[in-house]
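Colleague: Given next are the chains, with one letter for each unit.
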Amino acid sequence: GAVVSQHPSRVICKSGTSVKIECRSLDFQATTMFWYRQFPKQSLMLMATSNEGSKATYEQGVEKDKFLINHASLTLSTLTVTSAHPEDSSFYICSARLDLYNEQFFGPGTRLTVL
Amino acid sequence: AQKVTQAQTEISVVEKEDVTLDCVYETRDTTYYLFWYKQPPSGELVFLIRRNSFDEQNEISGRYSWNFQKSTSSFNFTITASQVVDSAVYFCALSDLFSGAGSYQLTFGKGTKLSVIP
Numbered sequence: 001g002a003v004v005s006q007h008p009s010r011v012i013c014k015s016g017t018s019v020k021i022e023c024r025s026l027d028f029q030a031t032t033m034f035w036y037r038q039f040p041k042q043s044l045m046l047m048a049t050s051n052e053g054s055k056a057t058y059e060q061g062v063e064k065d066k067f068l069i070n071h072a073s074l075t076l077s078t079l080t081v082t083s084a085h086p087e088d089s090s091f092y093i094c095s096a097r098l099d100l101y102n103e104q105f106f107g108p109g110t111r112l113t114v115l
Numbered sequence: 001a002q003k004v005t006q007a008q009t010e011i012s013v014v015e016k017e018d019v020t021l022d023c024v025y026e027t028r029d030t031t032y033y034l035f036w037y038k039q040p041p042s043g044e045l046v047f048l049i050r051r052n053s054f055d056e057q058n059e060i061s062g063r064y065s066w067n068f069q070k071s072t073s074s075f076n077f078t079i080t081a082s083q084v085v086d087s088a089v090y091f092c093a094l095s096d097l098f099s100g101a102g103s104y105q106l107t108f109g110k111g112t113k114l115s116v117i118p
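Chains as they are written, first to last, in this note's numbering: chain W, 1 to 115; chain C, 1 to 118.
Here chain C stands alone, though its shape is the one from the complex (with noise of 0.2 Å):
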């Protein structure tokens, strides 16, 4: 069985802090994706990043980076310098590439609120 833990069920920083979201995950699987979901107060879940399990490379995409360490089985999310906009509950999910009804079914996490505090 496939699950994705969250332990941060909300976390407060002030504007231009540097913040981590963690993830660990449990998956039988040797191939498999990772993603990270924004969800805005708006409710529409905004997709972040997907990541293969034999990536293991770290990623950057200007104030957001992933580091991926299949060894602990963590996907952490790093915010810099924190804005008032990232303010949002953020997901992290697991999908497998081979289950059983083939449909390829994401694993969420509970979800971390953060608050970015002007």
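Same shape as in the complex, but just chain W (with noise of 0.2 Å):
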């Protein structure tokens, strides 16, 4: 089946450093692929989504500047958090799109912990 993977799987940060997360597609190529974000006991919110070779379509209230994301290759997608701070404290989960099926196949997910 079509696996994802997130590097890494927990991160603990001080407060205004930057901390970048990896998403790969291991078996299959991904133009698309998708950053959400869950705080404890909440449902994923899409932050944005990620498209091979152009720019990132941010959902409404997401910060562009602070979020940024990169998709240089069609099996890899990266989000760095700039300047991290304690609110930014979440689980971080991607997808990649398997085109044929219309399908998101999600990542493991990244838990942040700035400090």
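Hints should not be assumed to be uniformly reliable.
Said to hold, decoys possible - Partner residues aside, some chain W positions facing chain C, computed with beta carbon under 7 Å:
{"no.": "1", "residue": "G1"}
{"no.": "2", "residue": "F39"}
{"no.": "3", "residue": "S43"}
{"no.": "4", "residue": "L98"}
{"no.": "5", "residue": "N102"}
{"no.": "6", "residue": "F106"}
{"no.": "7", "residue": "G109"}
What the hints assert, rightly or not - Taking lysine to any residue and the SDA-like style, the derived pairs with C-alpha atoms no more than 20 Å apart in a straight line are:
{"no.": "8", "chain 1": "C", "residue 1": "K3", "chain 2": "C", "residue 2": "S87"}
{"no.": "9", "chain 1": "C", "residue 1": "K110", "chain 2": "W", "residue 2": "C13"}
{"no.": "10", "chain 1": "W", "residue 1": "K41", "chain 2": "C", "residue 2": "K110"}
If you're looking for bench data, these hints aren't it; they were derived computationally from the structure.
As the structure is a prediction and not an experimental result, all values here were calculated from the model.
Every residue gets a Cβ at the ideal spot worked out from N, C-alpha and C, and that includes glycine.
Could you fit the two chains together into a complex? Lean on the hints.
Modeller: Written out as structure tokens, the structure reads:
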């Protein structure tokens, strides 16, 4: 089946630093990847849609200068949380869309804690 | 605008009981997909089912079954003979096929936390 990995799975950083999260589709190419954010006991909220070779499309209320997304290849998208603050602490999940089946395959998530 | 409502925030059942998780959706599209995902405590989303709007047949997979009623915009999920391993948060989601961005975005419900007590 289609597998999506995320790295790191867990990261703790100091306030003011930047953190990069990688999302890789391991056995298929994905022109579109998605980044979600999930606060404790809440649902997944779409942050942005990442398209290979073009700029990401951000959802309303998501700061594109704070959450930098790069989709440089058909198997890799990265989310960089810049100048992280404690309120950025959350569970970040990516997904990659398998075009043939119009289905999103989810990564295992990255738990970010900003001290 | 699309919306998915899971009215049950938390449900507790005793092992071997049957349980139904409700999902009601809103969309202006005539063509769409509905999904159910399971999220165990580890956090990883596990895909359970996808149903397109043209297919109203109910589906059964082992102890899991799904009831799609287009007339009431509902896509309910039933677990029969529940087990402790079923304890998780379950999300219902909706995807249109013709979003403006052409990217088939998913809209998630708020999730239902199921606890199966031994």
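Colleague: Let me know if the C-beta of S43(W) comes in closer than 7 Å to any C-beta of chain C, holds or violated.
Modeller: Where the cut-off is 7 Å and the nearest Cβ of chain C is about 5 Å from S43(W), the hint holds.
Colleague: Hint check: is the beta carbon of N102(W) less than 7 Å from a beta carbon of chain C?
Modeller: Nearest chain C Cβ about 5 Å off; hint holds.
Colleague: Can F106(W) be said to touch chain C, with a Cβ gap under 7 Å?
Modeller: Holds, about 4 Å.
Colleague: When you check the alpha-carbon spacing of K3(C) and S87(C), does it fall within 20 Å?
Modeller: 25 Å, violated
Colleague: Holds or violated: K41(W) and K110(C), Cα atoms, limit 20 Å.
Modeller: 9 Å, holds
Colleague: K110(C) and C13(W) were given as a pair; does the straight-line alpha-carbon distance stay at or below 20 Å?
Modeller: 28 Å, violated
Colleague: With 7 Å as the cut and Cβ atoms as the points, is L98(W) at the interface with chain C?
Modeller: 11 Å, violated
Colleague: If you take the shortest Cβ to Cβ gap from G109(W) to chain C, is it below 7 Å?
Modeller: It holds, given that the least Cβ distance between G109(W) and chain C is near 5 Å, below 7 Å.
Colleague: Take the shortest C-beta to C-beta distance between G1(W) and chain C; is it under 7 Å?
Modeller: Violated, because the Cβ-Cβ distance from G1(W) to chain C comes to roughly 9 Å (cut-off 7 Å).
Colleague: Under the criterion of a CB-CB separation shorter than 7 Å, is F39(W) in contact with chain C as hinted?
Modeller: 11 Å, violated
When held up to the earlier numbered hints, the structure conflicts with 1, 2, 4, 8 and 9 and fits the remainder.
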